[in-house]
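Engineer: So you can see what is in the structure, the chains are spelled out below.
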Amino acid sequence: MTYRAWLKSLRSAPWMCWISTMLLLSGLARAAETPPAQPADSVIRSRLAKAVLAEGDEQKKEILSLAATGSKVVREVLNAWPKDRILLFAGENDTKIPALIEDETDSDGKARAVRIDTGAFLSDASGKPLKFAAADITTAETDSDLRRTLQQGLDAMALADPIPDARKTAILKLGNSQKLQNLPLLRDRLAIESNAEVRKAINESIALLQLGDPDPAVQKEAVIQLGKLEAIGSLDLLKKIVAKESTPSDIRREATSSIQSIENHIGVVNFVGTIFRGLSLGSILLIVALGLAITFGLMGVINMAHGEMIAIGAYTTYVVQNLFGTGFAFSITLPFSFGGKPIGFGLSLPGLNATGAFYESYFLVAIPLSFLMAALAGLVIERVVIRFLYRRPLESLLATWGVSLVMQQLFRMVFGANNVQVSSPSWLLGHFNLSDVLFGYNRVFVIGFAIFIVLGTYMLLTRTPLGLLIRAVMQNRDMASCIGVRTQRVNQLTFAFGSGLAGLAGAFLSQIGNVGPSLGQSYIVDAFMTVVVGGVGSIVGTVCSAIGIGTADQILQQATGSPVTGKIVVLVAIILFLQWRPGGLFSIRSRSLD
Amino acid sequence: MKFSPCNLLGAAAAAMLTFATATAESVKVGILHSLSGTMAISETSLRDTLLFAFDEINAAGGIKAGGKTYTIEPVIVDGASNWPLFAEKAKQLLEQDKVAVTFGCWTSVSRKSVLPVFEKNNGLLFYPVQYEGEELSKNIFYTAEAVNQQATPAVDYLLKMGKKKFYLIGTDYVYPQTTNLILYKYLLLHGIPAENIGGGFRKDADGKVISAGKYTPFSHTDYQQIVAEIKQFAASGDACVLNTVNGDSNVPLFKEIAAAGLSAADCPVVSFSLAEDELRALPTKDLVGELGCWTYFMSINTPENKAYLGRWDAWLKTQSYPGVVKEKRAMDSPMVLSYNGVYLWKAAVEKAGTFDVDSVRTALESGTITFKGPGGKTTMQKNHHTIKNVYIGETKANGQFKILKEFKDVAGEPFILKSLDEKLAAKK
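Top to bottom, those sequences are chains A and B. Heads up, the first sequence is in my numbering, so the first residue is 1 and it goes up one at a time. Heads up, the second sequence is in my numbering, so the first residue is 1 and it goes up one at a time.
Derived by calculation from the structure, the hints in this document are not laboratory data. Note that CB positions come from ideal geometry on N, CA and C, so glycine has one too. Some clues are possibly wrong.
Have a look at the derived ranges for each label pair, beta carbon to beta carbon [what the hints assert, rightly or not]:
id, chain 1, residue 1, chain 2, residue 2, range
1, A, G561, B, K427, 21 to 31 Å
2, A, W580, B, V174, 33 to 43 Å
3, A, V564, B, K160, 30 to 40 Å
4, A, Y359, B, Y321, 32 to 42 Å
5, B, K160, A, F452, 49 to 59 Å
6, B, V209, A, T138, 40 to 50 Å
7, A, T138, B, G162, 54 to 64 Å
8, B, G37, A, V564, 15 to 25 Å
Covered stretches of chain B, going by a simulated chain A footprint (3 or more residues, C-beta under 8 Å) [to be verified]:
id, segment
9, 212 to 221
10, 227 to 234
11, 413 to 425
The whole structure should be built from the sequences, with the hints applied where relevant.
Structural biologist: In structure tokens:
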């Protein structure tokens with residue numbers, strides 16, 4: 001078949017294209033999976049295998065010398081060892097063959113293992129790779145002593161790590177080790193290091209080590225250097241130097257001024273950090289309250305089940321995560337029986353058994369789905385309960401409270417009373433560090449997420465025909481009805497939209513906290529508080545109040561040193577504020593709200 | 001699909017159920033735990049273990065006292081995570097059901113609430129959960145870990161690891177407050193200067209420290225500020241965190257710790273309220289390498305423990321009590337300490353030859369009542385606390401602990417604060 005004909009045949013049968021591409025890809029993947037066993041590696045590999053089985057000081061010495069080779073396989077083994085991923089396979093004549101268990105597991109949770117000494121898969125007589133389940137294997141044990149050695153080995157390797165952050169951590173650890181013998185290691189690195197952040201860390205570590213130098217001139221230089229570098233980690237040591245009787249007066253003077261400059265730096269770091277944390281807490285409040293700003297603020301429904309809409313979002317995230325993993329199943333038995341037989345139903349969905357980056361993308365799928373599920377639930381509640389109560393706010397409070405209790409019990413029946421585990425995708429874990437201020441990825445994400453949904457809501461309300469109708473109905477339901485707006489339909493959609501926003505909040509909250517039946521309860525008060533302070537009926541007010549409350553909370557927490565006192569002060573301030581301005585930050589006067 | 005019709009009977013209904021046994025000679029024994037409310041997650045496991053122990057004793061012929069054999073008849077009441085209700089239920093057990101002994105309570109506040117009831121009616125209570133000490137009632141026997149059987153051994157271990165800075169954090173109630181105050185003094189005594197103990201202090205008018213550490217309310221979710229503080233605290237290395245945070249607040253705390261890049265290798269966290277049962281609901285992946293300290297771990301590798309776990313599994317499969325979950329169960333220290341309590345009481349009754357509370361107490365106080373349980377030998381002392389082994393373990397990805405160190409036969413001592421104060425004064 002010519003290339004052209006092949007292409008043509010593919011075009012005529014698109015599914016063939018799929019299959020062949022998949023085959024090709026899987027073939028490639030298999031080829032890439034075969035571990036390389038270069039001759040240069042073989043010596044290291046056999047030494048490594050022996051080191052795993054060795055004991056005591058000899059083992060430690062060998063590990064460190066192996067680490068010095070910088071070989072990739074050594075790093076893999078040192079990393080896997082404390083995680084119980086080094087298998088001790090029982091070979092012939094009571095020998096033990098150490099093997100590295102692969103990260104990727106198949107549908108039964110089993111994984112292949114690579115022999116450390118040869119680099120080939122452990123296989124049965126026919127050459128088929130053996131598979132092992134984590135539960136029924138013997139792994140190479142570690143104790144804290146050995147783990148420290150492994151860590152030491154990894155540190156040395158980390159100095160040469162291609163990722164700057166990893167280098168930095170390793171360098172600072174060496175600096176804090178207070179062992180002068182680490183000095184040449186750091187100097188060697190400094191000579192070849194090009195990354196500015198890492199160079200700073202190396203200088204800091206060198207200075208830290210030099211504090212222990214017997215020569216006072218070197219010590220003094222180190223003290224000055226640490227002040228210049230604003231090294232937070234050195235504060236304790238500098239204070240100790242100042243406090244020590246025998247410190248020469250010039251060193252003490254320099255140390256005092258270094259401490260001063262470091263403390264100034266900490267002040268700045270704390271300030272910037274607090275503002276950032278305030279923004280992130282404010283964003284959480286905002287995404288939690290924005291849905292309520294619509295259902296309560298615009299529509300005037302006191303929706304006590306708002307928290308459960310959040311929980312729906314969180315549980316949707318949990319279910320999606322499981323569908324990407326091993327699947328999801330539940331069964332419910334109703335607490336009464338019919339004709340002696342218990343009534344119940346169950347559902348079992350198979351999982352995709354995804355791994356790696358695909359599995360981690362579950363969260364991206366979960367976000368829109370959480371919105372949809374919560375919006376759907378909102379739609380149902382609006383139809384079944386709320387539409388009868390638009391002009392009776394007190395009854396709507398009681399009815400929605402009842403709905404909230406029913407939903408909590410439903411969560412308990414389907415998902416159990418215990419919290420469920422939602423694992424964060426790796427791109428939401430971790431942080432980046434700007435001049436000692438930590439920016440957690442999940443926190444940065446929530447700020448962006450809040451901006452996104454506020455903009456989305458704003459656009460929907462002001463730039464779409466639906467938004468126009470929503471505003472018209474909310475401002476004067478009767479008049480809108482008179483001029484032909486289908487107010488019932490608009491109410492329904494508005495309530496569903498508000499609920500959907502709560503679902504989005506739940507999707508994010510699953511990443512930072514607990515997912516359990518009472519998840520909604522812990523946020524409902526905060527949500528109402530935010531909306532009331534912002535001014536009922538004003539989205540802009542909700543945004544301002546969320547950010548304001550979040551920042552004030554974090555600043556006060558920082559200032560008073562106690563999370564509880566901070567919260568109390570914020571609540572008192574809110575009460576006083578509402579005395580002064582009962583309508584909130586942006587009070588809107590309209591006939592429908594009076 | 002299998003359905004059990006009773007599975008979802010509300011805990012409230014189960015609360016008042018009593019299980020009558022066929023034999024004529026039976027003795028009523030109270031179980032006083034929260035089977036509903038926030039504490040139900042932890043406390044129902046203790047109810048299950050107690051029922052298991054009772055069934056085991058009954059199957060083996062019951063309790064021999066005064067020439068007769070008695071089978072145990074459990075009376076289960078639900079404290080519903082409501083502390084005043086605990087006192088009411090205790091009163092009901094003692095005055096109405098006239099139980100010979102009660103096993104129960106989890107939180108210190110529930111114990112404090114039933115204490116006067118037991119003292120007034122001269123009842124007998126076995127308390128199984130690690131607690132802060134500073135209490136000794138003649139009517140309560142504490143199979144629980146005292147502070148010197150959990151917190152201070154953990155600190156000893158960390159000091160030996162070369163840790164020099166300790167950050168104290170806990171939930172704001174009596175157990176973490178008292179434990180942290182004891183730890184603060186203990187650390188001072190072991191040469192750790194006050195500035196190396198993190199979390200802040202509260203002092204009274206005379207400048208005496210009355211509270212050490214950082215506290216958050218129950219169900220707190222925002223740990224950003226605190227973790228940032230820990231990060232700065234740990235910047236100089238050799239730091240660790242002593243964690244008495246209770247319940248599900250641990251999830252946001254550990255997620256924040258993971259996000260800040262504080263790894264167990266640099267700055268380990270020792271948690272005193274997280275056992276295997278709680279780890280089932282936590283993201284254990286983020287917790288690998290963090291430490292725990294208890295007098296029992298499910299992973300203890302002894303024939304006794306293996307046999308015990310085997311019997312427990314078999315019992316779970318065959319039992320038909322309403323509300324006892326059969327699958328995915330873990331065993332942990334409070335459960336084993338409940339179990340040990342039952343056998344200690346049985347031994348004391350058999351020694352005394354009667355169920356009379358005063359005689360049983362005398363037998364228990366004699367110092368000769370021992371039981372070889374799954375976690376090793378337990379001996380009841382005159383001070384109502386036990387002598388037992390203490391284990392330090394680190395969390396594995398599968399939610400189990402790997403045992404790092406064992407302290408043999410540690411004698412429980414409830415009053416530590418006073419002796420620490422005296423030692424500190426002598427040091428000055």
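Engineer: Now look at each hint and say whether the structure bears it out.
Structural biologist: For each hint, the structure was consulted:
| no. | hint | in the structure |
| --- | --- | --- |
| 1 | G561(A) <-> K427(B): 21 to 31 Å | holds (28 Å) |
| 2 | W580(A) <-> V174(B): 33 to 43 Å | holds (39 Å) |
| 3 | V564(A) <-> K160(B): 30 to 40 Å | holds (34 Å) |
| 4 | Y359(A) <-> Y321(B): 32 to 42 Å | holds (39 Å) |
| 5 | K160(B) <-> F452(A): 49 to 59 Å | holds (50 Å) |
| 6 | V209(B) <-> T138(A): 40 to 50 Å | holds (49 Å) |
| 7 | T138(A) <-> G162(B): 54 to 64 Å | violated (31 Å) |
| 8 | G37(B) <-> V564(A): 15 to 25 Å | holds (22 Å) |
| 9 | 212 to 221 | holds (count 7) |
| 10 | 227 to 234 | holds (count 3) |
| 11 | 413 to 425 | violated (count 0) |
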